[in-house]
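Novice: Single-letter residue listing:
Number of protein chains: 2
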Amino acid sequence: MKQVPFSNIKLDGFWKKRFDINKEITIPTIYNRFTETGRFEAFKFNWKEGMPNKPHIFWDSDIAKWMEAVAYTIQLNPDKELEKIVDETVDLIEKNQCEDGYFNVYFTVVEPDKRFTNRDMHELYCAGHLTEAAVAYFNATGKDKFLNLMCKYMDCIEKAFITEKTARFSTPGHEEIELALIRLYRCTKDKKYLEMCRFFIENRGKCKNDNDCRNWTGMNYDQSDAPVRELKEASGHSVRAMYLYCGMADLAAETDDKSLFDACERLFDNIYFRRMYVTGGIGSTSFGEAFAEDYVLPNDLAYSETCASIGLALFAARMGAIVPDSKYADAAELAIYNCILSGVSLKGNSFFYVNPLEINMNRHRIMKEYYSSRENLLTHRLEVFDCSCCPPNLARFIASIGNFIYTCDENTVICHHFIESEAEFDNIRIKQQTGYPNRGDVRFSISGMKGKKFGVRIPGWCTYVSLNGKILDAPIIKGYAYIDISEENQVLDFYFEMKTRLICANPKVEDDIGKVCICRGPLVYCIESSLNGDIPLNSIFVDKEIKPGLEFDEEINAYRIITKAHIYSDESKLYYDVKDRKTSEKEVTLLPYYAFANHGDSDMKIWLRTE
Amino acid sequence: MKQVPFSNIKLDGFWKKRFDINKEITIPTIYNRFTETGRFEAFKFNWKEGMPNKPHIFWDSDIAKWMEAVAYTIQLNPDKELEKIVDETVDLIEKNQCEDGYFNVYFTVVEPDKRFTNRDMHELYCAGHLTEAAVAYFNATGKDKFLNLMCKYMDCIEKAFITEKTARFSTPGHEEIELALIRLYRCTKDKKYLEMCRFFIENRGKCKNDNDCRNWTGMNYDQSDAPVRELKEASGHSVRAMYLYCGMADLAAETDDKSLFDACERLFDNIYFRRMYVTGGIGSTSFGEAFAEDYVLPNDLAYSETCASIGLALFAARMGAIVPDSKYADAAELAIYNCILSGVSLKGNSFFYVNPLEINMNRHRIMKEYYSSRENLLTHRLEVFDCSCCPPNLARFIASIGNFIYTCDENTVICHHFIESEAEFDNIRIKQQTGYPNRGDVRFSISGMKGKKFGVRIPGWCTYVSLNGKILDAPIIKGYAYIDISEENQVLDFYFEMKTRLICANPKVEDDIGKVCICRGPLVYCIESSLNGDIPLNSIFVDKEIKPGLEFDEEINAYRIITKAHIYSDESKLYYDVKDRKTSEKEVTLLPYYAFANHGDSDMKIWLRTE
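Those sequence lines, one after another, are chains L and B. First residue of the first sequence? That's 6 in the working numbering, and the numbers climb one at a time after it. First residue of the second sequence? That's 6 in the working numbering, and the numbers climb one at a time after it.
Since the hints were derived computationally from the structure, they do not count as laboratory data. Accuracy of the hints is not assured; some may be wrong.
The list treats identical chains as interchangeable, and a pair is accepted whether it falls inside one copy or across any two copies.
Straight-line C-alpha distance at most 30 Å; calculated BS3-like pairs for lysine-lysine [said to hold, decoys possible]:
no.: 1; residue 1: 513; residue 2: 552
no.: 2; residue 1: 584; residue 2: 504
no.: 3; residue 1: 584; residue 2: 483
no.: 4; residue 1: 164; residue 2: 148
no.: 5; residue 1: 237; residue 2: 569
no.: 6; residue 1: 569; residue 2: 587
no.: 7; residue 1: 21; residue 2: 85
no.: 8; residue 1: 197; residue 2: 148
no.: 9; residue 1: 475; residue 2: 100
no.: 10; residue 1: 332; residue 2: 584
no.: 11; residue 1: 85; residue 2: 157
no.: 12; residue 1: 89; residue 2: 436
no.: 13; residue 1: 504; residue 2: 578
no.: 14; residue 1: 552; residue 2: 578
no.: 15; residue 1: 587; residue 2: 549
no.: 16; residue 1: 170; residue 2: 7
no.: 17; residue 1: 591; residue 2: 85
no.: 18; residue 1: 150; residue 2: 436
no.: 19; residue 1: 584; residue 2: 22
no.: 20; residue 1: 569; residue 2: 591
no.: 21; residue 1: 157; residue 2: 119
no.: 22; residue 1: 164; residue 2: 591
no.: 23; residue 1: 263; residue 2: 513
no.: 24; residue 1: 584; residue 2: 59
no.: 25; residue 1: 21; residue 2: 504
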């Protein structure tokens, strides 16, 4: 099935607010930081040894993702100033592109003789992001200059890697070009780009020269330990893994390649059933920003990079478009509403690269002071990082959130996500009215679909669904309810009962044993000490059945959960009979995880003890 | 009150077995290791640069503690061979002692020009241990050569530090000489040694040149951050702290110094109520082998050195001899039966330096592999260490365990510890028949005490006591029951109800929150995965009221506890509703902590979850 693009969808409600903050605050903030750090200036190709702001190998990709975010934004909400910045940047690309089509700031101004010699240097990764931006900008504005420049660059890459094989490696150390080539193919219809994508994916894990051209030792760090069809576990650098899997899913879809799809599903299942935080965060270790082994999901040490969760959502959406199985959209939903939204502050001007699932500042201090722990702790979002991949990635993700809602073919439209919006495509109109993610009511007002089927995902968290006031009575296939649309204009009133739930983790996840996580709908909740009178979070526990109160919080645009917690009372003794252990009760306030660290530095916890 | 020395006590039962293993296995094992590593050879003073087995600054103390252990052993159980080794070693000391009385292997053969220049070099520490050995050997054999050599050495030290002040520092970086001087004073009655002790204790924390003569930076590392009377928290290197506090308590007792005793009590209370593991282990951090701050008592990272617990028992016994308050003997008992006995294997031939309270081998591997943790893990005892202070310390401690049982003055005899034995002193005979530490029955058959009081400690773990079949009805002062002895021969049948108890920790101890420790009498129990079908110890929990079974284990000379535990069932899902969480039941076997790691490498846990 094909995705209904965000450009056919007018957002409203929860995501419209996020879109507006993204446009008004996030995109300008990133622009300012990228200007201050010399990233935009670098595109002038004026840097010389000894000058400040030496271009970095991944700066091209930072600018590219920002331009892509602008493209999506102005497609829905034109803005001449933003468009002008992109046009000027494209002019610089045109001016500084090599005659043979090559374009890379670092490998032109810093190490011009090292072109295509080291697969770890993000060269094809940058090419991929620039290409994604070029496609997006063409779609947004109809201007084809950027697109043509990138086609020329891809032709240069094709020559170096495939036709003439002058490149010293075969496949990139950081994947991204694969999925970009599919986008370029879909935009230009030029099969050459599909074949290039196939080349990079099929050769991965098979080429000796790839192993020679690397800095990092672990063979699975960049998913080169085996041919892609033989990969069984999601491993290595988690962002690289996600971008590869996206490319694999795209190629499988375009070429109807069952075994490649099966490999993708195997990798997805490994993540979803064994290697994903409850927030949709992935890549639990900072060592290689990588997946650890099954069930290794520590909370305070979580790496859980924002970009990795974005990658998971993109991968899951591609899989769900091929085979509508609700596990894909369930995973994407967890990532979107938790780890990804956590990546940006409510105000939109600061960012998490790493998204911990627990902050215990005193424990952290003690571990540093007495046990020589090397872990780092960031308790608040920053405006800029040296490695600033996440902020523009968030900006382009939020601007194009509409992509996630619908897929369709001639006979069927499927709704994967519940987002207040109006969609128009293929003579179909679907107005979606919903209080999601805070309420479980979803009204679809549909026209132009008479005689077709409408598939609606039953969210994994939901145990009771009604349609038009009655218990849902429709065929459910892999988590989607399929409704025959019999009227030219039809209204479907879905109700997904949204209760506060207590969930537990597989007991193989050591950090979570004997604990529960409080969730409501797609939102994972956390407790912050700063909002709860600085109670020590480690000494509270909750009952396994709670009677929560809800309190709407305008600032975070979601409910707070108010519930009773028990607190172990302090004692003068160090050890005493458990029968003498006393507890007190306290009402505590929980926030959606995405809203944590917006109220000052604080301890935070998702997984709470039960007793 | 004065201590009734071990030499007046004939051991039987539990401790007789330990004494025999100590004599037959431990002492020869240590002798062999010390011979192999060149420690005995070093006393020949033949070492030259370039030769193997370069003498180490603390080797003198290793040999000294071994000789002290032999002295205690042969005093109770003569052994010509062992005596001959000590005699030969004493001959070497005589032969190689400097003319002015100085004796130190390292500072004679390795760095002869550095005598008394660096307070961190264990010089006075070695002198102290040699002196303790000399006093013990004199008491055991009546031979005074060793004693006289050490008197001569102490006179040399007196000159360098007090009379002529040629030493570059005033007080030692590693305490020990203070308590040794008191022993020498008590043995020789020469007040000069009491005054030397007073000098080293009173000058501590007051001398600028002490701060200049050090390698280690932290001022509290060697308890030199303040004059001893002003110390409020047990801090720094825990063994050094204990030896200082022992010396302080001794000096307070000898000089009836109330403010010094108060300082000791303050330090003891800080340990007992805030800084001690449930096993009687102290010094929770490897960083400086030191006390961390209040309530910082992690289980898997525990340092908890054997020597530190020995020091705690020695310190507590001294305090309890001054003021019979059961907190002292309770602390000593915890240390003796748990952390200290854990320091040596059941067979007596291998040793723990560090005594962890939890072993999770998989977690440890994961922390190393994915989170660059620097922690080390030792899952089994070793025969020798480079820093081999603990093995001979254990040997001398076990050989002289009888010291802990009784203190007395003209009117009163106090029993602090329950140890099957016969004591004869001051025309008094006390036969103690008891199944301790496994049973709570204690029969005292007393003669020669008519008209005196007999004080018996009510152990802190005990809530029901009977005497001669009736509920105990005697005045209880600071945890001791005082019985008037009215017969020439009197039998007191005490019964301390010994139930399996579940205790909890102050909620400020983060690692232990929501957990319980299973204890019985003075013994802390632990669970080992190797004895329980390799169940993952982290996924079990126990009820807050258990109905344990007991099973006597001949090898460990104690009961195993058999109880029901719940195990979280494995699941295919990663996250699920807590209502769907399943558990199974399993009978599990717990061992006394002291017996852990005697049945192969295994995960181990003391603190178990409850739910």
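Novice: Next step is simple, just say for each hint if it's right about the structure.
Specialist: Quick rundown of the hints versus the structure:
For a Cα distance limit of 30 Å, the shortest separation of residue 513 from residue 552 qualifies both inside one copy, at 29 Å, and across copies, at 28 Å. Proximity of residue 584 to residue 504 under the C-alpha cut-off of 30 Å is restricted to the inter-copy arrangement: shortest distance 14 Å between copies versus 34 Å within a copy. When the C-alpha separation of residue 584 and residue 483 is checked against a cutoff of 30 Å, the pair qualifies only between copies, where the shortest distance is 23 Å, while the shortest distance within a copy is 49 Å. For a Cα distance limit of 30 Å, the shortest separation of residue 164 from residue 148 inside one copy, 26 Å, qualifies, whereas the shortest one across copies, 95 Å, does not.
When the C-alpha separation of residue 237 and residue 569 is checked against a cutoff of 30 Å, the pair qualifies neither within a copy, at 43 Å, nor between copies, at 39 Å. With identical chains, the CA atoms of residue 569 and residue 587 are at most 30 Å apart both within one copy (16 Å) and between copies (25 Å). Proximity of residue 21 to residue 85 under the C-alpha cut-off of 30 Å is restricted to the intra-copy arrangement: shortest distance 20 Å within a copy versus 93 Å between copies. When the C-alpha separation of residue 197 and residue 148 is checked against a cutoff of 30 Å, the pair qualifies only within one copy, where the shortest distance is 22 Å, while the shortest distance between copies is 99 Å.
With identical chains, the CA atoms of residue 475 and residue 100 are never at most 30 Å apart, being 63 Å at best within one copy and 103 Å at best between copies. When the C-alpha separation of residue 332 and residue 584 is checked against a cutoff of 30 Å, the pair qualifies only between copies, where the shortest distance is 21 Å, while the shortest distance within a copy is 45 Å. Proximity of residue 85 and residue 157 under a CA criterion of 30 Å is satisfied intra-copy only: 27 Å inside one chain copy versus 96 Å between copies. Neither within a single protomer nor between protomers do residue 89 and residue 436 lie at most 30 Å apart by alpha-carbon distance, with minima of 33 Å and 100 Å respectively.
In this assembly of identical chains, residue 504 and residue 578 lie within 30 Å of each other by CA distance solely across copies; the values are 20 Å between and 41 Å within a copy. Taking the closest pair of Cα atoms, residue 552 and residue 578 come within 30 Å of each other only across two copies (26 Å); inside a single copy the shortest separation is 33 Å, beyond that limit. Proximity of residue 587 to residue 549 under the C-alpha cut-off of 30 Å is found in both arrangements, the shortest distances being 19 Å within a copy and 13 Å between copies. Taking the shortest Cα distances, residue 170 and residue 7 never come within 30 Å of each other, neither inside one copy (35 Å) nor across copies (91 Å).
For the identical chains of this complex, residue 591 and residue 85 are neighbours neither inside a copy (53 Å) nor across copies (70 Å), given an alpha-carbon limit of 30 Å. For the homomeric pair residue 150 and residue 436, neither the shortest alpha-carbon distance inside one copy (35 Å) nor that between copies (103 Å) is at most 30 Å. When the C-alpha separation of residue 584 and residue 22 is checked against a cutoff of 30 Å, the pair qualifies neither within a copy, at 52 Å, nor between copies, at 36 Å. When the C-alpha separation of residue 569 and residue 591 is checked against a cutoff of 30 Å, the pair qualifies only within one copy, where the shortest distance is 6 Å, while the shortest distance between copies is 33 Å.
Proximity of residue 157 and residue 119 under a CA criterion of 30 Å is satisfied intra-copy only: 20 Å inside one chain copy versus 76 Å between copies. Within a single copy, residue 164 and residue 591 get their C-alpha atoms no closer than 68 Å, and across copies no closer than 66 Å, so neither meets the 30 Å cut-off. For a Cα distance limit of 30 Å, the shortest separation of residue 263 from residue 513 qualifies neither inside one copy, at 32 Å, nor across copies, at 56 Å. Proximity of residue 584 to residue 59 under the C-alpha cut-off of 30 Å is found in neither arrangement, the shortest distances being 65 Å within a copy and 56 Å between copies.
When the C-alpha separation of residue 21 and residue 504 is checked against a cutoff of 30 Å, the pair qualifies only within one copy, where the shortest distance is 25 Å, while the shortest distance between copies is 65 Å.
In terms of the numbered hints stated before, the structure departs from hints 5, 9, 12, 16, 17, 18, 19, 22, 23 and 24, listed from lowest to highest.
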